[in-house]
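Q: Taken in sequence, the protein lines are chains A and B.
For reference, each letter of the first sequence is one residue, going 1 to 114 in my numbering.
For reference, each letter of the second sequence is one residue, going 1 to 110 in my numbering.
The set of hints was computed from the structure by calculation and includes no laboratory data.
Glycine included, every Cβ here is placed at the ideal spot set by N, Cα and C.
A portion of the hints provided could be inaccurate.
To be verified - Computed spacing ranges between beta-carbons, pair by pair:
(1) S28/B / T7/A: 27 to 33 Å
(2) V100/A / S12/B: 26 to 32 Å
(3) D70/A / Y51/B: 30 to 36 Å
(4) N79/A / K56/B: 43 to 49 Å
(5) K2/B / L54/A: 35 to 41 Å
(6) D30/A / S28/B: 27 to 33 Å
(7) S39/A / P81/B: 23 to 29 Å
(8) R63/A / N55/B: 24 to 30 Å
(9) S80/A / G95/B: 26 to 32 Å
Stated by the list, open to error - If you want the ones that stay clear, here's a sample from chain B, every Cβ over 12 Å from chain A, calculated:
(10) S20
(11) N22
(12) N55
(13) D78
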Amino acid sequence: DTAVSQTPKYLVTQMGNDKSIKCEQNLGHDTMYWYKQDSKKFLKIMFSYNNKELIINETVPNRFSPKSPDKAHLNLHINSLELGDSAVYFCASSLGLAGVDTQYFGPGTRLTVL
Amino acid sequence: QKEVEQDPGPLSVPEGAIVSLNCTYSNSAFQYFMWYRQYSRKGPELLMYTYSSGNKEDGRFTAQVDKSSKYISLFIRDSQPSDSATYLCAFKAAGNKLTFGGGTRVLVKP
Chain A
1 DTAVSQTPKY
11 LVTQMGNDKS
21 IKCEQNLGHD
31 TMYWYKQDSK
41 KFLKIMFSYN
51 NKELIINETV
61 PNRFSPKSPD
71 KAHLNLHINS
81 LELGDSAVYF
91 CASSLGLAGV
101 DTQYFGPGTR
111 LTVL
Chain B
1 QKEVEQDPGP
11 LSVPEGAIVS
21 LNCTYSNSAF
31 QYFMWYRQYS
41 RKGPELLMYT
51 YSSGNKEDGR
61 FTAQVDKSSK
71 YISLFIRDSQ
81 PSDSATYLCA
91 FKAAGNKLTF
101 GGGTRVLVKP
């Protein structure tokens, strides 16, 4: 019974392609996130949704578009993939917005753009 | 100056030694101070958090915050090979955005 799950786990694709990563959480949380972790292990937030509403939208190319069909799902669609998009993408969820608000991370999707 | 600085390591210690990790930060608005542990090819998991200066202990782990120096530390006593992982400091101001350090890779050798 995985708390935060992502599919696929690995994604290898050619430059210029469009791809999607899916995320689901079964924790009953209201807030979900997408993070990018580059080869140097820096973990940077990209987007955050609270109750299906976008609340954090960092400086990310508009080729990246998140979609939250419901509170339990947050998908990430990437258009026209570039070499620099190669990274591990983590989905996370948390109960809400206040306080420490522990974020629970998924296992990651390792994207390689050739 | 980067918002968060963390030595990437790797930090190699023998089993049973004390592991000492630290981060410096520049943003005075940070209110919550966290340490995440990330095993290879896994997502980060919250290890400890605190919101005030001073020490907080949890088993073999001690988190220390010095707000005046903008410096946080994590100590792992009696380190075990299972502690081998990357440790990321994380900070939160108001709102729910976390700012992470780059992580320190720790290797505990049996």
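Q: Which of the listed hints are broken here?
A: 1, 5, 8
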